[in-house]
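Protein chains in written order, with our numbering: chain A, 1 to 274; chain B, 1 to 348.
The set of hints was computed from the structure by calculation and includes no laboratory data. Please read these numbers as outputs of a predicted model, since none were measured by experiment. There's no promise every hint is true.
[What the hints assert, rightly or not] Derived BS3-like pairs: lysine-lysine, alpha-carbon spacing no greater than 27 Å straight-line:
(1) B/K48 - B/K145
(2) B/K84 - B/K199
(3) B/K199 - B/K268
(4) B/K145 - B/K12
(5) A/K20 - B/K178
(6) B/K178 - B/K137
(7) A/K140 - B/K199
(8) A/K153 - A/K216
(9) B/K268 - B/K48
(10) B/K178 - B/K145
(11) B/K199 - A/K20
(12) A/K139 - B/K269
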Amino acid sequence: MNKGYTLNELLIITCAKEIKDHQNVILGVGLPTTAGALAKALYAPHATLMMESGIIDFEPLVPLNHIADAHSCRGFSYATDLFTAFTMTYRGFVDVCFLGVGQIDKFGNLNTTCVGDYYRPSLRLPGSGGAADFISYAKKTVLTLRGGQFVEKLDYFTSPGYLDGGDSRDRSGLFPEGSGPSMLLTTKGVFRFDEQTKEMYLAQIHPGVSVEEIRKDIPWELKVAPDLNQTERPTDREIQFVRHFAPTESIGRNMRVELAIANTMQRAQRRGKS
Amino acid sequence: MNDNGNKVMSAKEAVERFIHDGDELIIGNYTVGTCVELISEICRQDKKGFTLYSQSGILDVDMLVNAGCVDRLISTYVMRSGGKTGGGAVERGLQDGTLEMEDYTNFNYNARLMAGMHGLTFIQVLEGVMATDLFRKRSFMGEDKYRVIQCPYTGKQLLTVPAANPDVCIVHVQRADKFGNAQYWGALGSVAAAALCSKRIIVSCEEIVEHDVIRQSPHFTIIPAFRVNAVVEIPWGAHPTEVLGHYNRDLFFYGMFTEANKRAETVKKWMEEWVYGCADREAYIDRYSARFGIGMLDRLRARSFYSAPANYGAAFTSAWDVRGRERSTGLTLEQLEQRMAERGMLYE
């Protein structure tokens, strides 16, 4: 039997497949933490899940509120500090990290700092956080874009992808050879980066989405994989895991907030509080 | 390591696989609880040509030097076996020209490990030694023992040392799990940095514990599993030095070594009996008990003085409450799935 699945579930499950067994993984805020939990439970039991706050090797039991959330697990293996979490990345001990995207250009360079003028921004975004350092030194980086946008030119260059494309990242001498973004996951599809040019191309497309629809979001002539196919359908086991582990992520933020408010009000009413 | 991440092996196998002639070898422990059995095994396998790092040389350094494993030593402190009446292995090595040594201060040595641990290529250290021969007299490191730079912010002359990234660290701890998560408490010294700056790590421990024990006390972990190559369970693995929570220093037996170490001929006999003459630590303890009585060890055993537990608990460990309702929405899985379907959120 094939269970129906939500878009959020598809995104989490697609993201989780980027984690392989025995890898050291830095999880980012939000979707990647649930993806990490799924990978650890289903495909990568010996992966070491880590957060830059210094929580090393944990097994999430509930969705994480943020990247310093030791409430999500029952203990963990190694408590270190943020400085050491970054220097272990610098030394090459992190296989994969996950980052969210505000703006992205065709070579996978990222802006998570502001939209508009840096000094008088129309949108002030969170900033680098760990992003610039992680994408610099993790062996590979998985990007997720949900509310963000594709741009010709970033309003602020926060985190280095493939710079000007081609071999410019490796040539700069600033980064470990072969590092950089390996995938961009959006609500419409999966993008990867050409081995030679390092330009992103559409590799997979989510159900119910057309290439034309995706092209509308992208200000350059998007390249599309000749073997473009639909994003792999999640298995029942994957869907069940996500739905059990993080039901509120399955339904998404808006519905969660709406239902949670309704629930709290009902509870208050029952207790004669309002 | 097998596919299950289990790195447990014998001292013999660990030393054979991960320590090679000519390696830069670092002793992780500092002054207490040193990895005596791993060192004995290295001696038995007759490894040669080490550049040995040790924060503070005690019995451990002298055993390796006595065994002829060490060409070069980087340290801050050398043990003497008897005041003016007898130095020790390091002194003998320097006198007969078989050993070269580079001297640092405790801080400067530790700084080299910190730089190595964090992937820095050098680190600023305390500049007072620029007035001393520590700075002026250089051995095999030459110019690279210390270099002076100008601070880009203040213009001041700063002293630096290069990062250390030894090939392999040997270290003894209280407990570890089979994956290599190593837990150590007591005098922290430079133990964690020595391990983490190294390329390979061999951990010996008094006790291999279940992974759960590690999970419940992550603040005691000094080396995370993914850095460790081998885990060796060796009860009494640091004897005659001491391990907090397990046993005290065996002053009597340590004294026997010190006495013997005054002269090459006498320490050779000691090594024959207590290193080469014992196949492993079990044989060593058997010999010790046969010779001196097990009571000599019993009186060293630690009594209990447990640290206060730290609470790693959270309010809940599932998104669902005991009645099977999702905590924030108050809905069961069935109800949630019904809402998803009603709102057309589900792809088939």
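Results of checking the hints against the structure:
A C-alpha spacing of about 24 Å is found between B/K48 and B/K145, which places the hinted pair at or below 27 Å, so the restraint holds. Our distance criterion of 27 Å between C-alpha atoms is broken by B/K84 and B/K199, whose separation comes to about 39 Å. Taking the CA atoms of B/K199 and B/K268, the gap is near 32 Å; set against the 27 Å cutoff, the hint is violated. Under the criterion of a C-alpha separation no larger than 27 Å, the hint pairing B/K145 with B/K12 is inconsistent with the structure, at around 34 Å.
This hinted pair checks out: A/K20 and B/K178 have alpha carbons roughly 21 Å apart, not beyond 27 Å. Proposed proximity of B/K178 and B/K137 is contradicted: the alpha carbons are some 45 Å apart, above 27 Å. Pair hint A/K140 plus B/K199 holds up; C-alpha atoms about 22 Å apart against a cutoff of 27 Å. With a C-alpha separation of about 17 Å, the suggested pair A/K153 and A/K216 falls inside the 27 Å cut-off, and the hint holds.
Using a Cα cut-off of 27 Å, the hinted pair B/K268 and B/K48 holds, with the two alpha carbons roughly 17 Å apart. Between B/K178 and B/K145, the direct Cα distance comes to roughly 38 Å. Violation of the 27 Å bound is thereby established for this hinted pair. Between B/K199 and A/K20, the direct Cα distance comes to roughly 23 Å. Compliance with the 27 Å bound is thereby established for this hinted pair. The straight-line distance between the Cα atoms of A/K139 and B/K269 is roughly 52 Å, outside the 27 Å bound, and the hint therefore fails.
Consistency note: the structure conflicts with the earlier hints numbered 2, 3, 4, 6, 10, 12.
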